[in-house]
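**Student:** What follows is the residue order along each chain.
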Amino acid sequence: MTDQSYNFAYLDEQTKRMIRRAILKGIAVPGYQVPFASREMPMPYGWGTGGVQVTAACLTPEDRLKVIDQGADDTTNAVSIRKFFQRTAGVATTEATAEATLIQTRHRIPEHPLTEDQILVYQVPIPEPLRFLEPRETETRKMHSLEEYGLMHVKLYEDIARHGSIATSYAYPVKVEGRYVMDPSPIPKFDNPKLGDCPALQLFGAGREQRIYALPPHTQVVSLDFDDHPFQATKAPHDCDLCGASESYLDEVIVDDAGNRMFVCSDTDFCRSRREAGHAGRLTMQEAAE
Amino acid sequence: MTPDTLTGGFATPPTDSARAFRAILDALARPGTIRTVDGAEPPAPLSSAAGAVALTLLDGTTPVHLAGDHDTQDLRDWLTFHTGAPLVAAAEAAFAFGTWDALLPLDRFAIGTPEYPDRAATLVIEMPNLHPEGATLRGPGIKGSAYLSLPATAPFIANRSLFPLGFDAFLTCGNRIAGLPRSTIVRDA
Numbered sequence: 001m002t003d004q005s006y007n008f009a010y011l012d013e014q015t016k017r018m019i020r021r022a023i024l025k026g027i028a029v030p031g032y033q034v035p036f037a038s039r040e041m042p043m044p045y046g047w048g049t050g051g052v053q054v055t056a057a058c059l060t061p062e063d064r065l066k067v068i069d070q071g072a073d074d075t076t077n078a079v080s081i082r083k084f085f086q087r088t089a090g091v092a093t094t095e096a097t098a099e100a101t102l103i104q105t106r107h108r109i110p111e112h113p114l115t116e117d118q119i120l121v122y123q124v125p126i127p128e129p130l131r132f133l134e135p136r137e138t139e140t141r142k143m144h145s146l147e148e149y150g151l152m153h154v155k156l157y158e159d160i161a162r163h164g165s166i167a168t169s170y171a172y173p174v175k176v177e178g179r180y181v182m183d184p185s186p187i188p189k190f191d192n193p194k195l196g197d198c199p200a201l202q203l204f205g206a207g208r209e210q211r212i213y214a215l216p217p218h219t220q221v222v223s224l225d226f227d228d229h230p231f232q233a234t235k236a237p238h239d240c241d242l243c244g245a246s247e248s249y250l251d252e253v254i255v256d257d258a259g260n261r262m263f264v265c266s267d268t269d270f271c272r273s274r275r276e277a278g279h280a281g282r283l284t285m286q287e288a289a290e
Numbered sequence: 291m292t293p294d295t296l297t298g299g300f301a302t303p304p305t306d307s308a309r310a311f312r313a314i315l316d317a318l319a320r321p322g323t324i325r326t327v328d329g330a331e332p333p334a335p336l337s338s339a340a341g342a343v344a345l346t347l348l349d350g351t352t353p354v355h356l357a358g359d360h361d362t363q364d365l366r367d368w369l370t371f372h373t374g375a376p377l378v379a380a381a382e383a384a385f386a387f388g389t390w391d392a393l394l395p396l397d398r399f400a401i402g403t404p405e406y407p408d409r410a411a412t413l414v415i416e417m418p419n420l421h422p423e424g425a426t427l428r429g430p431g432i433k434g435s436a437y438l439s440l441p442a443t444a445p446f447i448a449n450r451s452l453f454p455l456g457f458d459a460f461l462t463c464g465n466r467i468a469g470l471p472r473s474t475i476v477r478d479a
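Order-wise, the sequence lines are chains A and B. Here the first sequence is numbered in the working numbering, starting from 1 and rising by one per residue. Here the second sequence is numbered in the working numbering, starting from 291 and rising by one per residue.
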């Protein structure tokens, strides 16, 4: 039931117009961070206020919303944002990736391939990929305008000098259409190859930092690397202990005081649908044998 | 002010503008596709698609330029009543509405600055017809290549050479709309 005390999708129309204009400019210049007048939302910064504002500006009554937090549909953050839009926009919700028309995500891209009819909205904490290398906004803005990204390569090189390989494992910087270096939000670098040539529209919202940026469908996105140290998408070298998937991104869970652990798909919908289809992993087979 | 000034807006603004925005968003994110937008009934000569763009995106912070025959008192009153957008000359405009000939020369419009490329104008070009054929489009939002009946190709090729600066455009015809962001690479058919 829609909560009639609020405007459709919570935000007032003036705010939505401002956000919508920022989204359109973000699409016109893929990878460029468009400033916008981020509003206070009824949740703390860091809980996805940017993503929520982008979602609110894009939602229509016909949408079917899915919200994930590190791949999971059932964590506090995902549940509360999903309920928020159920209440304020009255939209249908789902946990199945294939059924959703709009997916808000915190730090994962779903395993199930996205389609042309979907929009993926990312929650972004720090949108500026150069921020930890250069704290001044005036300088990073100038660096983007001059396409001066040498510092980012020095950072990746220092990784190699110190660890023997590029140790950056999440929020791995990408270059969009050969122009802007962009922070893909703290998704694991395992997900980076899914950013490019994606059939779905990808929107990024950073509430505290007041930035919106976008990747139109089928945009060229390249993870930064070196000829002798090419980019590698990595994951834990295991199969999922519940569904046996070997190609999905895994979470490591400590299961007892003896230090035993299990690896499970971080994408809960992917893992559940595989188990429902009869796939089994190490632990489910053990359980069945007992 | 005529009685028409007060009518022709969205019947249910929150949901109508949400649906209109999704069509506009889709059109710009996928150049070469043509979407329909309904709900706006602006005074002639503004098309209903261009009217929907105005109602969805304009407010008191977006200076608007009405080019050529679109600069009528009826339309000025309608935009002022429904959006509150200030009417300005081409150089200061965030949005411009008009036919292709009326909008020329295009170098009057803002193309953004190197540090803020988002501060560029959005042109809403009223077309006599709109088909997914003609000039070849490539670039972000397009799988392979797409086609769109553009009024001319040279100005869009020149606009692309300014990237990441440049204006962005919507082409409207009746209740149909197509998007042409500055990132699109245009070639003659």
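Keep in mind the hints are simulated off the structure, nothing from the lab. Among the clues, some could well be false.
To be verified - Stretch by stretch, here's where chain B covers chain A in the computed footprint (C-beta under 8 Å, at least three residues):
id : region
1  : 159-168
2  : 176-182
3  : 263-272
As the list claims (entries may be wrong) - If the Cβ cut is set under 7 Å, some of the chain A residues that face chain B in the computed set are:
id : residue
4  : Tyr-32
5  : Pro-61
6  : Thr-284
As the list claims (entries may be wrong) - Restraint-style ranges between C-beta atoms, simulated for each label pair:
id : chain 1 : residue 1 : chain 2 : residue 2 : range
7  : A       : Leu-133   : B       : Arg-409   : 18 to 28 Å
8  : A       : His-153   : B       : Gln-363   : 50 to 60 Å
9  : B       : Tyr-406   : A       : Ala-236   : 49 to 59 Å
10 : B       : Ala-392   : A       : Asp-117   : 52 to 62 Å
11 : B       : Gly-464   : A       : Asp-117   : 51 to 61 Å
12 : A       : Ser-80    : B       : Thr-302   : 25 to 35 Å
13 : A       : Asp-251   : B       : Thr-351   : 16 to 26 Å
14 : A       : Asp-225   : B       : Ala-448   : 48 to 58 Å
If you're wondering where the values come from, they're calculated on a predicted model, not measured in any experiment. All residues carry an ideal CB built from backbone N, CA and C; glycine is no exception.
**Student:** Run every hint past the structure and note whether it holds.
**Tutor:** To see whether the hints hold, each was checked on the structure:
1. For the region 159-168 of chain A, the stated coverage by chain B is violated: 0 residues have a C-beta nearer than 8 Å to a C-beta of that chain, whereas at least 3 were required.
2. Only residues whose C-beta sits within less than 8 Å of a C-beta in chain B count toward coverage, and the region 176-182 of chain A has 3 of them, enough to reach three; the restraint holds.
3. Proximity of the region 263-272 of chain A to chain B, defined as three or more residues with a beta carbon under 8 Å from a beta carbon of that chain, is not established by the 0 residues found.
4. With a cut of 7 Å, the hint placing Tyr-32 (chain A) at the interface with chain B holds, because the nearest CB-to-CB distance is about 6 Å.
5. With its C-beta approaching chain B no nearer than about 5 Å, Pro-61 (chain A) sits inside the 7 Å limit, and its interface hint holds.
6. Restraint check, Thr-284 (chain A) versus chain B: the minimum CB separation of about 39 Å is more than 7 Å; hint violated.
7. Between Leu-133 (chain A) and Arg-409 (chain B) the C-beta distance comes to about 26 Å, which sits within the given range of 18 to 28 Å.
8. In this structure, His-153 (chain A) and Gln-363 (chain B) meet the distance hint of 50 to 60 Å, their C-beta atoms being roughly 58 Å apart.
9. Roughly 42 Å separates the CB atoms of Tyr-406 (chain B) and Ala-236 (chain A), a value that falls outside the hinted 49 to 59 Å.
10. The given range of 52 to 62 Å is broken by Ala-392 (chain B) and Asp-117 (chain A), whose C-beta atoms sit roughly 36 Å from each other.
11. Restraint check, Gly-464 (chain B) to Asp-117 (chain A): a C-beta distance of roughly 24 Å breaks the suggested window 51 to 61 Å.
12. Evaluation of the 25 to 35 Å hint for Ser-80 (chain A) and Thr-302 (chain B) yields a pass: the beta carbon distance comes to about 28 Å.
13. For Asp-251 (chain A) paired with Thr-351 (chain B), a C-beta distance near 44 Å fails the hint of 16 to 26 Å.
14. The given range of 48 to 58 Å is broken by Asp-225 (chain A) and Ala-448 (chain B), whose C-beta atoms sit roughly 34 Å from each other.
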